[in-house]
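If you're matching them up, the sequences are chains A and B in order.
First residue of the first sequence? That's 164 in the working numbering, and the numbers climb one at a time after it.
First residue of the second sequence? That's 60 in the working numbering, and the numbers climb one at a time after it.
For the record, the hints were derived by calculation from the structure and aren't laboratory data.
For glycine and all other residues, C-beta sits at the position ideal for the given N, C-alpha and C.
There could be a bad hint or two in this list.
[Said to hold, decoys possible] Across the chosen pairs, the derived CB separations fall in these ranges: (1) Q110/B x T242/A: 20 to 28 Å; (2) S201/A x T86/B: 19 to 27 Å; (3) D247/A x K134/B: 35 to 43 Å; (4) L217/A x I103/B: 21 to 29 Å.
[What the hints assert, rightly or not] To list a few chain A residues with every Cβ distance to chain B over 12 Å, as calculated: (5) I185; (6) A194; (7) K234.
[To be verified] List time: in silico DSSO-like cross-link candidates among lysine-lysine, alpha-carbon distance up to 30 Å: (8) K89/B x K204/A; (9) K125/B x K89/B; (10) K182/A x K166/A; (11) K182/A x K204/A; (12) K89/B x K234/A; (13) K166/A x K119/B; (14) K245/A x K204/A; (15) K203/A x K119/B; (16) K134/B x K204/A; (17) K204/A x K119/B.
So you can see what is in the structure, the chains are spelled out below.
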Amino acid sequence: DPKIIQKPKYLVAVTGSEKILICEQYLGHNAMYWYRQSAKKPLEFMFSYSYQKLMDNQTASSRFQPQSSKKNHLDLQITALKPDDSATYFCASSQAWGGDTQYFGPGTRLLVL
Amino acid sequence: GMPVEQNPPALSLYEGADSGLRCNFSTTMKSVQWFQQNHRGRLITLFYLAQGTKENGRLKSTFNSKERYSTLHIKDAQLEDSGTYFCAAEALSGSWQLIFGSGTQLTVMP
Chain A
164 DPKIIQKPKY LVAVTGSEKI LICEQYLGHN AMYWYRQSAK KPLEFMFSYS YQKLMDNQTA
224 SSRFQPQSSK KNHLDLQITA LKPDDSATYF CASSQAWGGD TQYFGPGTRL LVL
Chain B
60 GMPVEQNPPA LSLYEGADSG LRCNFSTTMK SVQWFQQNHR GRLITLFYLA QGTKENGRLK
120 STFNSKERYS TLHIKDAQLE DSGTYFCAAE ALSGSWQLIF GSGTQLTVMP
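Bound-form chain A, shown alone (with noise of 0.2 Å):
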């Protein structure tokens, strides 16, 4: 029974289009998390959102919008897609945000051709 949802699990993209990535947690999570795992990288921080309101974003880029519609989801939506952009992308949540456990989603492995 998965706890944290994340949708699709897979995803190719061509150079250029734009992709949304889903993540609903049904933990009762307040604080809400993304992360990126490319082939030659650590796990990288992305964004980070508590109650709905966003608390961080290490992303050079104005192309990865995260959007959260509901406490419990935070979607990612990717513009103008490259092929750098090709890694397993993570969703997390924890009860609060910082100091807190943080517990991972399935991933979306994305593809961009």
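Add chain B to chain A, keeping to what the hints say.
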């Protein structure tokens, strides 16, 4: 250097053996988490520590903020322990983002 350095990069053990993984931090960290990434790519949370030591079954982790390191000990390794282990720390200054190490790829052999 990297804020979170993880050693060793790879480790092979026979079933039943004990071993330890280590993370060194370039600066004082608020807390550390340890994860196992399994063969499906799933990140499984093992421990969260703000200080001290925690144990869970065959796993034990220690975090020493002052000395800037954390360790993960695996006792009586099993085949299902194979995977990549990551430590991730929250820096004392700045936001609550997790800064990940580059991982230790553990292979447990029969």
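Could you check the structure against the hints above and give me the numbers of any it violates, in ascending order? The structure conflicts with hints 1 and 6, although it agrees with all the remaining ones.
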